[in-house]
Amino acid sequence: METFIAFWNILKKDIKNYYLKPPNISWGIIFPLSWTLMQLIRSSGNIEVIELLPGLMAMSILFGTTSMLAVTITFEKRSKSFDRLLLAPISLSTLVAAKILGAILFGIINAFVPVVFMGFLINLSGINWAVVLMAVILIAITSALLGLLVAVSVKEVFEAQTLSNFFRFPMLFLCGLFLPIDKLPAALKPISFCLPLTYGTDMLNSAIIHNSYFSILFSIFIIIVFIIILFYLCRRNIEKKWIL
Amino acid sequence: MQKNVEIVKVTNLKKLYGDLPAVNGISFSIKEGEILGLLGPNGAGKTSTINMMIGLSRPSSGQIMIDGIDAIKDIKKVQRIIGVVPDENNLYGEMSGFDNLCFCASLYGMGKEEREKQAKELLKQFGLTKAADRPFGTYSKGMKRKLTIAAGIIHNPKILFLDEPTTGIDVESTRQIRELILNLKKQGTTILMTTHYIEEAERTCDRIAFMVRGEIVKVGTVRELMENIDHEYKIKLQLDNCLEELKVELENKFPSYRIEVLAKNSCLIISKEQVPLSPILQVLDEKGVSVYEAKGIKPSLEDVFVRITGIDATKLEKVGR
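First to last, the sequence lines map onto chains A and B.
Each position in the first sequence, counted from 1, maps to that position plus 1183 in this note's numbering.
Each position in the second sequence, counted from 1, maps to that position plus 2 in this note's numbering.
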């Protein structure tokens, strides 16, 4: 019970202090909206509007989640308020889980902004929402953990943003969003298979446009493996880098 | 409230950064209900010592036992019974004073009702009730310090670690914080405090450990520290005139004394042994010099610190006020 109280209050504090702040809400809405509009205008009837949805959802989660977590944690570390959390009698795993849950929820909400927007333009009845929700949650978790991994590796907020872009942009281009995985050059395919977003996007493709490279169960399994590895790396790096 | 039980025991604690020792094999203990002060200049290793004891840093070697728990092996158990006030005010700037305290209490698993009650009580005790709903970031330095201390004790810790509690704040807030620390001691809290203010250590601590270059060079009560040094007896004389010739005259008459002229009308007589006044007064009287005041000067803790550590005490003061 004591652990739950601490966990819940860390999450509540983060949501109140960071995620519900007007600039972040606007970031969470405006960013996915702009991407949606941009893609709609650019596509000009060449592709089905619905084909844009998986990519927009994946991008919204990836950018929203990684940015928020990397920045907020770096900020707390700099102001030393993060030390308060390290000094609390809760395990590091509980602390990591509490810190990433806020970002995960933020990412999930971000993901559904383009869905709501597209709901006004096209018929979304053929979508497998259970798989969409599962994919969104799994992408949000991996993105949050990647954000945390970045936060542990840097000291300054601007460093967090720079380092995030190093993996975010290659991931976007290689995960099958812009170019389907089967059309990627052979040399790039192995890299694509090493990215968690590849499997998340494939799940979204399967649920929304019914076209996927992997089976849903396989993608879920691989993303869970990524989550376990990333969680372990985050926990290990926090212990190593923040408890000097 | 002080008991004879050693609640904190540090043995041969060492912290190396590369080859550089920040803390070099220190050992000390704290009795239950006692305030131990780590006194030393910046870079002496005080904060490094505390960080190892509270779990923010890993010792290179040594042992830390806190209330019978091995702090290196089981730090989470230790963190349940300790409170920490860091040298920087690290609460959340956008949250109110009240919310900050409630949040800190929640980290120790305190329920809503209990933490709100405790927060209100502490705000009252620290004179911050009126500012309870204001964001922490808008507080003055003294108020921030007080709230940071309140946050460190909201869960009623058995042992409190106070890192430079009064650095950079005004005299009134310093006085209030000192009173708060002494009140905590009265309530039975064991306190380890670091400071570079000699006066603060002297006024607040039961025992003081002089820490220099990662080592504890001396530990004891103020009296013990004073007794253990080979001190000199000093008498300051207030005269109507104190000329250089008078100094020579006195030194010739009393060759075991050293005379220092302090000003036009005052001088200091220094001796390895106690100084009987009447022969000196007689000489001065013969010379027609009137004596208005004779005052024995006891060695201060500052003198003791300088003598033991070889460090200029002004280095401590400069960093402080």
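Note that these hints are calculated values from the structure, not bench results.
A couple of the hints might just be wrong.
Listing some non-contacts, in silico: residues in chain B with all C-beta distances to chain A over 10 Å [to be verified]:
| hint | residue |
| --- | --- |
| 1 | Lys78 |
| 2 | Asn92 |
| 3 | Glu96 |
| 4 | Ser108 |
| 5 | Gly113 |
| 6 | Cys269 |
Covered stretches of chain A, going by a simulated chain B footprint (3 or more residues, C-beta under 8 Å) [claimed, not checked]:
| hint | segment |
| --- | --- |
| 7 | 1188-1195 |
| 8 | 1372-1386 |
Glycine is no exception: its CB is placed at the ideal position from the N, C-alpha and C atoms.
Each hint tested on the structure:
no., hint, verdict
1, Lys78, "5 Å, violated"
2, Asn92, "4 Å, violated"
3, Glu96, "6 Å, violated"
4, Ser108, "4 Å, violated"
5, Gly113, "7 Å, violated"
6, Cys269, "52 Å, holds"
7, 1188-1195, "holds (count 5)"
8, 1372-1386, "violated (count 0)"
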